[in-house]
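Novice: In order, the protein sequences belong to chains A and B. Mapping of the first sequence onto my numbering: residues 1302 to 1918, in sequence order. Mapping of the second sequence onto my numbering: residues 1245 to 1583, in sequence order.
The hints are simulated quantities; they were obtained by calculation from the structure and are not laboratory data. Model, not experiment: these values are computed from the prediction. From the three backbone atoms N, C-alpha and C, an ideal C-beta is built for every residue, glycine too. Please note that the accuracy of each hint is not assured.
[Unchecked claim] Calculated cross-link-like contacts (lysine to any residue; reagent style SDA-like; alpha-carbon spacing at most 25 Å): (1) K1420(A) to L1482(A); (2) K1292(B) to G1607(A); (3) K1492(A) to K1553(B); (4) K1313(A) to T1580(B); (5) K1284(B) to K1581(A); (6) K1530(A) to T1580(B).
[Said to hold, decoys possible] Not close to chain B: a few residues of chain A, all C-beta gaps over 10 Å, as computed: (7) E1375; (8) Y1377; (9) S1411; (10) E1425; (11) E1430; (12) E1450; (13) G1665; (14) P1719; (15) F1732; (16) P1746; (17) P1756; (18) G1757; (19) H1784; (20) G1809.
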Amino acid sequence: MAEKALNSEMRKVVVRFSGDSGDGMQLTGDMFSQTSGWVGNDLTTTPDFPAEIRAPQGSVGGVSSFQIQIGGTEIYTPGDQVDVLVVMNPAALKANIDILKAGGTIIADSDSFSPRNLKKADYESNPLEDGSLSDYHVIQAPATSLTKEALKDLGLENTAMIRSKNMFALGVVSFLFSRPLKNTINLLERKFSKKPLLLKANQLALNAGFSFAESTEVFGASIVIPPAKLPKGTYRNIDGNTAAAWGLLAAAENSGRKLSLCSYPITPASEIFHELSARKDLGAIVFQAEDEIAAACAAIGASFSGNLSVTTTSGPGASLKSEAMGLAIISEIPLVLINVQRAGPSTGLPTKTEQSDLNQALYGRHGEAPLVVIAASSPDDCFFYSYEAARIAMEHTTPVVMLSDSYLASGTSPWRIPEEGELTAIDIPKFEKPAEEWQAYLRDPEYLSRYWKSPGDAGFEHRIGGLEKKENTGNLTYKPENHEKMTKIREEKIARIAKKLPGQTVEGAQEGKLLIVGWGSSHGAISTAVSELLEAGKKNIGFTHFNYINPLPQNTEEIFSRFDEILVCELNNGQFANYLRTKLPQFTYKQFNKIKGQPFFTSEIKAEIVNTLTRQL
Amino acid sequence: MKTDVKNSAEKRTRKDFISDQAVRWCPGCGDFMILANMQKAFAQMNHKKEHFLSVSGIGCSSRITYYLDTYGIHSIHGRAIAVATGAKLARPELNVWVFTGDGDCMAIGGNHFIHACRRNVDLNIIVFNNRIYGMTKGQSSPTTPTGLKTKTAPEGSYETPFNIGEVAIGAGATFFARVPDNNHALMEDVMMQAYHHKGTSVIEVLQNCVIFTDGIHEQITGKETKDNNQLILEHGKPMIFGKEKDKGLRVNGFRLEAGKINTGQDNVLVHNASEHDSLIHLALAKMQLPNHPVAMGVIRKAEYENYEKSVHNAIEREKNRTPFKSTSDLFRSGNTWEI
């Protein structure tokens, strides 16, 4: 048997729960995450499930997985490779064995390795017995039979009993990581508060798994992951889409405006739409439009009417909204578009992640049509950046595109709930003079924001629209000088927002050989790679990560000038690097790109950095 | 919701709704009459002036928003209804009017049109139907008659046109009216009825384009022909028409039949605009020359719950039921922990 990869005290561990679509792996993983957060670990999770709603049972295509990295240190990714793989059937083993670390632990439901299931997964012999797993530490846990035994007195049907075996697996893993069951039982009580029989079944299965692991001593000692040093506060786990939805609710509350969300269903953005549909209790006005265009246009109508107005979508939908974005730009009204990116073009890989809609966000409109582009970098900071998108949109009467992506949308991380008054106040410029002095295109002198007056403001009746407007008065005009002037004003208005943005910061070396540049959702992998290299003694590497894309933070140029070389890492074919080439052409940008529908692995980034440094020498 | 809002104190006139912008339509365009009647109707509406919202798409019709002194959005081609839906849902107290043309509404905006009819949002939609694209200079529209020569069908249009009323009622519109652009009294009356109707109101105006389709509605709206070729409907009144009021409409099998009436014996149909069953309304909307007169006035005005009211009622219900009084309550619900 290979040497175990697990030690009794570890700084970080990657666990992957995997089984058939019907085995409840997402729930199991989610409960394990909640408990891990509760004991003070930092964590990041990612689900991985089939695109089909009902893939064939027992097949490799039907495997559903949930991966989590937990640590006593800050965790920014769900991990490249797995330390502990829980498999509920042979297909799950087949689908995941390649990402298990050498010496990693497999916890398998040995009951499910029947000839029939082995055949469905294309195994010719049973891998638990034929020696093919000798590089790993294999725990055979008869989860199905022991769960049935534990539940035999409840009078449940056979299938209902088997359904609880995911809790058996959770019990085993809970023992392995020295997790008390109390918190998990609390979660079960909440989930099954109206179904006492199922609550009992799940509790019994959980206990049975824990007892099995404890009494058979299959692990030797259990593992302790010390709490991470996170800032003080109240935490919860949150996924990127829920976080984005909640950021909008917070912005509506802090600005005193109602929230109008106008959207059309699309993967992987729909959960924002679902969450806000369920938030009528906090006053969210949600409209399911007949198409993506109608959604953007309805949001424009709602915005002119004075509400914080948002449309959420993914790349294909953003394409359809582009004419409406142009209207919002020339009308100079607040509008938030959240694009939860997926791999394109066209339908592309609709459930897979990519950062390839950056060009679209920056340039995807006819005419000279600048707008603000920002990007979130972790599931929990989707909250902050959707709040920022709303704040900037309203304070500067401009459309703002907030880029998230499939990886952030469905991943989870602990989120420190902001304290009262902690979020930046939303300060919408007010027109303080009497209505007689009002004109539709008057602006706040410092930032050039057009004043946002809405129906209900008596005496301020005015018309906006897609035709070019005369400076200040807002009357129609085709005058050549005016169009040029208004084009420049619209550009300058966006550029001036940079004055308000926080300065860009650098991790690691503050100057030196190589600056790694990232943006949006690739933060976790890059940050982890850089910090691991620094810990390993590499010097002269700095890392700066962009959340504000257009405009760029004011000190960007100054930071770039401190390094000999710049390496831009992104999940596309070089869109941010090209953007930087147009904005700051005096620097040379190396690129590291990945276009596989997958997030970066930390190992890939590390290897690329090392290669770049080597090539340099 | 409309009538719940108090009018402002002063007595308004048409002038209060004339903007300072010069009106730029071709001399003799039917749009001038729509503008004038709309301003007159606006002056009668029991609504705060600052709660009027005009929304338009693209085309000659849609320039009207600049000429009305209300809050207004001149939006993009085909999308006025979508913009207006967002506005009305955001602010149910608004008095929202959509101005669109046969190309804007029935071609590029067709999807929004049918869905507005289906949802029954409290919008008033005026479709300026001149059966041609005017602003882009004379291409076929979805209501261009088969055989009419246009820039894009130089040998005559080979498409079957939409009947706007048929599409609207077919899609579930609760209010549909049709008026010729030269009947001021009827137009104003229909606009006021649309205003009072709580739901999507569609008004088709047979509008004359003096440049590309001059006289296209002449057979229906001409001085000499209008009495015999129009049936002006009134709720609760028998469907009688003709210069001598000597013709009527009756049901024959599953069809409407127009013909001479002999006093008392004719089973002349009585118009019931509020009937929920749309069968007769659809038949009325579809009537065309030469076998039938063209139906004018309010063809359908049926009461149904409107969309924004349902949404806002649901919001109120949920607000009363929820334990969350602020976002902080929501954020701190469920499984949280302290560090």
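Novice: Are the hints correct? Go through all of them and say.
Specialist: Hint by hint, here is what the structure shows:
1. For the suggested pair K1420(A) and L1482(A), the alpha carbons sit about 36 Å apart, so the restraint of at most 25 Å is broken.
2. Distance check on the hinted pair: K1292(B) and G1607(A) sit about 17 Å apart at the alpha-carbon level, within 25 Å; holds.
3. With a C-alpha separation of about 34 Å, the suggested pairing of K1492(A) with K1553(B) is violated against the 25 Å cut-off.
4. About 22 Å separates the Cα atoms of K1313(A) and T1580(B), which keeps this hinted pair within 25 Å; it holds.
5. Proposed proximity of K1284(B) and K1581(A) is contradicted: the alpha carbons are some 39 Å apart, above 25 Å.
6. For a cut-off of 25 Å, the pair hint linking K1530(A) to T1580(B) stands: about 17 Å separates their Cα positions.
7. For E1375(A), the requirement that its beta carbon stay farther than 10 Å from each beta carbon of chain B is met, with the minimum near 13 Å.
8. Remark: the non-interface label on Y1377(A) is consistent with the geometry, its nearest Cβ contact in chain B lying 17 Å away (cut-off 10 Å).
9. No Cβ of chain B comes within 10 Å of the Cβ of S1411(A); the nearest lies about 32 Å off, and the non-interface call holds.
10. Taking the minimum C-beta to C-beta distance to chain B, about 44 Å, the non-interface status of E1425(A) holds against the 10 Å cut.
11. With 10 Å as the threshold on Cβ separation, the claim that E1430(A) sits away from chain B holds: the shortest Cβ distance comes to roughly 40 Å.
12. For E1450(A), the condition that its CB be more than 10 Å from all CB atoms of chain B holds, with the nearest at approximately 30 Å.
13. Distance check for G1665(A) against chain B: the nearest CB is about 16 Å away, which clears 10 Å, and the non-interface claim stands.
14. Annotated as non-interface, P1719(A) brings its C-beta within 10 Å of a C-beta of chain B; the closest such distance is 8 Å.
15. Distance to chain B confirms F1732(A) as a non-interface residue, since its nearest Cβ pair spans about 15 Å, more than 10 Å.
16. Even its closest Cβ contact with chain B, about 25 Å, leaves P1746(A) beyond 10 Å, as expected for a residue assigned away from the interface.
17. Its beta-carbon lying about 4 Å from the closest one in chain B, P1756(A) breaks the requirement of being farther than 10 Å from that chain.
18. For G1757(A), the requirement that its beta carbon stay farther than 10 Å from each beta carbon of chain B is not met, with the minimum near 6 Å.
19. With a closest Cβ-Cβ approach of about 17 Å to chain B, H1784(A) is found to remain outside the 10 Å limit, as its non-interface label requires.
20. For G1809(A), the condition that its CB be more than 10 Å from all CB atoms of chain B holds, with the nearest at approximately 26 Å.
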